[in-house]
Structures are given as C-alpha cells and as structure tokens.
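Undergrad: Quick mapping for you: the protein sequence lines, in order, are chains E and R. Residue numbers for the first sequence follow my numbering, so the first one is 1 and each next one is one higher. Residue numbers for the second sequence follow my numbering, so the first one is 137 and each next one is one higher.
Honestly, the hints are just simulated from the structure, not real lab data. No residue lacks a Cβ here, since even glycine has one placed at the ideal position from N, Cα and C. Mixed in with the good hints, there may be bad ones.
[To be verified] Derived PhoX-like pairs: lysine-lysine, alpha-carbon spacing no greater than 25 Å straight-line:
no., chain 1, residue 1, chain 2, residue 2
1, R, Lys206, R, Lys258
2, E, Lys92, R, Lys469
3, R, Lys346, E, Lys92
4, R, Lys364, E, Lys88
5, R, Lys352, E, Lys116
6, E, Lys105, R, Lys355
7, R, Lys300, R, Lys191
8, E, Lys88, R, Lys346
[Unchecked claim] Which chain E residues face chain R? A few, computed with CB under 7 Å, are given here:
no., residue
9, Arg99
10, Tyr102
11, Phe104
12, Ser121
13, Glu125
14, Val126
Each chain is listed here by its residues.
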Amino acid sequence: MSEKGPTESRFSSILFIIIIVALGLSIAAFLFAANAFGGQDAIQGSYFMLIGIMGLTLLTYMLIQTRRRTLRLPIQTQRVATTILCQKCDFKSIRSFQRGDYIFKEAEECPKCNEKMIIASIYREVEEEKGKKELS
Amino acid sequence: MIPQVSQFPTGQGDILGWILQVAWLILIVATFIYGQRIQLTLMLREVEGGLFRLKFMRDEGRKTAISTLKELGGSETDLTARVDRFLEYVAIEPVNLDPSGVIWRLEHLLDVRDIRFKDEVKLMVPGVGETQRNNVELMLEAALDLNIIYKVIRHFYMLGKKTKSLYIIMQIQMLLPLIMREAEAFANALQAFTQGQPIGDGAGALVAAKLMHGHKTRKVAKDVVVAKVPIEGRTAYVLKAEGPGGNVGKPGEAIKQIIEKNKAKITTAIIVDAAQKLEGEKPGEVAEGVGVAIGGPEVEKYKVEETIVKYKIPVDVVLIKEDIGDAYSTMRKEVFDAADAVIDRIKRLILERTKKGDSIIIAGIGNTIGVGQ
Numbered sequence: 001m002s003e004k005g006p007t008e009s010r011f012s013s014i015l016f017i018i019i020i021v022a023l024g025l026s027i028a029a030f031l032f033a034a035n036a037f038g039g040q041d042a043i044q045g046s047y048f049m050l051i052g053i054m055g056l057t058l059l060t061y062m063l064i065q066t067r068r069r070t071l072r073l074p075i076q077t078q079r080v081a082t083t084i085l086c087q088k089c090d091f092k093s094i095r096s097f098q099r100g101d102y103i104f105k106e107a108e109e110c111p112k113c114n115e116k117m118i119i120a121s122i123y124r125e126v127e128e129e130k131g132k133k134e135l136s
Numbered sequence: 137m138i139p140q141v142s143q144f145p146t147g148q149g150d151i152l153g154w155i156l157q158v159a160w161l162i163l164i165v166a167t168f169i170y171g172q173r174i175q176l177t178l179m180l181r182e183v184e185g186g187l188f189r190l191k192f193m194r195d196e197g198r199k200t201a202i203s204t205l206k207e208l209g210g211s212e213t214d215l216t217a218r219v220d221r222f223l224e225y226v227a228i229e230p231v232n233l234d235p236s237g238v239i240w241r242l243e244h245l246l247d248v249r250d251i252r253f254k255d256e257v258k259l260m261v262p263g264v265g266e267t268q269r270n271n272v273e274l275m276l277e278a279a280l281d282l283n284i285i286y287k288v289i290r291h292f293y294m295l296g297k298k299t300k301s302l303y304i305i306m307q308i309q310m311l312l313p314l315i316m317r318e319a320e321a322f323a324n325a326l327q328a329f330t331q332g333q334p335i336g337d338g339a340g341a342l343v344a345a346k347l348m349h350g351h352k353t354r355k356v357a358k359d360v361v362v363a364k365v366p367i368e369g370r371t372a373y374v375l376k377a378e379g380p381g382g383n384v385g386k387p388g389e390a391i392k393q394i395i396e397k398n399k400a401k402i403t404t405a406i407i408v409d410a411a412q413k414l415e416g417e418k419p420g421e422v423a424e425g426v427g428v429a430i431g432g433p434e435v436e437k438y439k440v441e442e443t444i445v446k447y448k449i450p451v452d453v454v455l456i457k458e459d460i461g462d463a464y465s466t467m468r469k470e471v472f473d474a475a476d477a478v479i480d481r482i483k484r485l486i487l488e489r490t491k492k493g494d495s496i497i498i499a500g501i502g503n504t505i506g507v508g509q
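Throw the hints in and build the complete structure from the sequences for me.
TA: Structure, rendered in structure tokens:
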C-alpha cells in the first residue's frame, strides 16, 4: 500500500502566502492609521484602521477554517446501549453494549423472578443539533 | 462624509492612491488571464482536503482491520500482507452487451467472490466461529470500499492536476460532498462491524426477527432462515438472513423456493426493508407501497420479480427510512422503534388484503448483523 497521495501538511503554500500578505497589509494599515491619527487626520486614520481590522479578520477566518478541517477528521465513537428485558415480569435494565451482545440473545437471570432475560434492543441515541430549523 | 469617502483612497496627487489604482488594474487583468487557473487551484485545494480526509479514513479502516484480526488470534507474520492484498481485491462485472442470462452470470461471480472472501477470512483467523467470521468479513469489506473510494478520487485529483483540466476537477469537486458522506458511512460502519452491533440496514431483518422469535426456524436458502408464524388467522412464512453474524443471505432465492414449494397457495408477499430517506424526512419514518425492495446487485430482486409474475402474486413493501450514514452505522433508536410500527402496518395489510386461512410471505431484508432470531 505504499503510494503517492496528497501531502498531509494542511498548511499549503498558497494559504501561507495569503496569510503573510494579509498580515503584512494589516500591519502596514495599522502603521498608516497611527501616522494619520498623529497628523490629526482622524478620517484617514479610521479608514486605515478599518483596512487593518478587515485584514486581521480575513486572517483569523482562514486560520479557523484550517483548524475546523483538522478537528473534523477523527471518526466518531458512538455510544451504544443494550436493553435487557425479562419477558415474564417486564423487568428492564439498560447497560452499555458489550462485544458479543445481539438482539434476542439470552442474558443473565432476572433479579426479580429468576427467569432468564433476553437482550431486547441494541441501539445508539443521536442528539439532534439544537436550533436547527427543519421544513416539514 | 460622502465626498470624503469617494476621495478615499484615490485622492488626486496622492501617491498611495496611484499605487492602489495600478494594483486594481493589475488585479483585473490577472483575473481575466488567470481566472480559470485560480478557480482550478481553489477546486484542487477543496478536492485535496477531501482526499486528505479519505486517506485518513482509509488508513483507519486498515488499522482497525489489522488490530481486530490480531485480537482474534490472527498470525502476526503475514496478517498485514494478507489484509493489504484483500484491500486490493477486485470483482469484474460480467459482459452486458448481450444481456441474455447476465443475471445468472452475475450471481455466479458474486457467489465466487463471497466464497473467496470467506476463505480468505478463514485463513486470516482460523480459530473463530461463523458469527465472528461473518462480522470480520464485513469489516474487511468496509475497509476495502474505503480504499477503493480513496484511490478513485486520488486518480481524478492527480489526473486533473496533471492535465490542468478544469472539467475533470470540476466533476469530482461537485460530487465530493456525496462521496464524502458515503465514505463517512463506511468509516462509521467499522465500529459496528468490529463489535457485531446491529446496523440501520438490518431494520427489515429486525422486523422479521421480532415476528419469528419463539417459533421454530429452518434454513431455506443460503444463509436464510424461515419460520411458520400464525398471524391474524393466516400462516406467514417469515424469513430473514441467518443471524447474529453479518449476513444478507439470498432472500430472493428463499422467496422463490417457498412460492414454488407451496405452488399457488401464497396469496401475498410483504417485503420489509430499510430505504434511503430524502433530506427533510425523519429517520425511522415508515412508508408502504408495491414492488420488490431488495437492494444490492439486484440478482435477488430479479428472482422475486420473476417468480411473482409467474404465479401472479401481489407484492407489498414496507420501508423504514434512514440516511446512508445510518444504514451502515449502529442502528439508531428511531429506526429500532420503527420496527413495532412496521409490525402494526403488516398486520393491517394482512387484514385488508388476505382472508383467514391464507398463506403469506413476510421477508425481512437487510444485513442481520447483531440480530438473532
């Protein structure tokens, strides 16, 4: 399975150049702004300040985007529950899934009536994203 | 305020203004000349990001497969080489230029592939039971699928990069979100297959298991069991793949055999299966209709269609909706709960469409991993 693929570095040269340029422009804009404020030209100072802030915002956005992609990579481990049911007295217990469990497998004895219980369900619960509007 | 804004930053005589005007001009000309190249670079970057994630998933699949096989007692020496060989396994479709008999040729190739996979797993982990072996086979198949997806996308990425063709890259970039969803589904399936947990695709098998639980079962076709269950005064032949190991069996062959054995006595067939939901639909929603809902390479679907046409048997279908990610990962609670709603629908269908004393078939389709009977 030795083969060529995309490079694993997430910090590409293009992104690096854009970030450097944005950083340079922002610093220059802040310097111009400082000069303008010093020379009593408040309006021009505000404009340069605005350009500087915009440059910094762009920079932060790009860094966040890169980080978000990295964070999304791991495969999620799902929490799975096994429900054990006594068919005689309806006693029910829920525990985490254990390897070897399957639906309708005979489980331990019921603590109430000593009857053999069965695994009645195995499922994972998914929490829906809050505040997500759906059309019905 | 407005005149001041219009003056900035191109005030007359202002050197900074001139520099900015020239910069704008250069930017516009560059956009005209290199616009497509810039677009291509951006698209390539997006595909590269997806490819990076696919590579990660592929490597995780391989690692999971090797570690699980080692846990199950696979020999350390040649296990990695065997898994790598397995991940490169290909099955070539039969020729369909002359479609006559293509189904039987396809079935034969699928059977041979299945036997090869089972033999390979037996050689990797000789000491494990059938249930575990079936689960391992499924896990390896998921890893194989991840490897294929990664390699195909990498092929188009590299081809697009080499030829600088916007159209090759554009196609892959547009399909990437759907491909990623499928790959993520396979990546999530690894946990379910490794642990032997029931998956969303087994919703049909779960319904059949609930109906046949407590009744005597017998094997009817390859990896399929059937039980004779009295429901509402009718005799139902309830069938599903044999669990709890990962299995889909040959439900089409089983339905065909039951119908032919009972000649024309079967008055209706009800097929229960998981179906891909549309965006906006809720997982676990139940829908019904007519037709044969058997997924996969359609060999089994063909067998059922041929037999029901021959004997003029009406076929109803009950579907449990879920998305592709849910179909391959551990069964969601909503899908599990839908099984009882499906049983109610089946009972209603039986009461409305059949008479007391009739014989019917209820087939629970899907992978029965983690579901006994």
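Undergrad: Now tell me if each hint is right for this structure.
TA: How the hints compare with the structure:
no. : hint                  : in the structure
1   : Lys206(R) - Lys258(R) : holds (13 Å)
2   : Lys92(E) - Lys469(R)  : holds (16 Å)
3   : Lys346(R) - Lys92(E)  : holds (18 Å)
4   : Lys364(R) - Lys88(E)  : holds (24 Å)
5   : Lys352(R) - Lys116(E) : holds (19 Å)
6   : Lys105(E) - Lys355(R) : holds (19 Å)
7   : Lys300(R) - Lys191(R) : holds (23 Å)
8   : Lys88(E) - Lys346(R)  : holds (17 Å)
9   : Arg99                 : holds (5 Å)
10  : Tyr102                : holds (4 Å)
11  : Phe104                : holds (4 Å)
12  : Ser121                : holds (6 Å)
13  : Glu125                : holds (5 Å)
14  : Val126                : holds (6 Å)
In the structure shown, no violation is registered for any of the earlier numbered hints.
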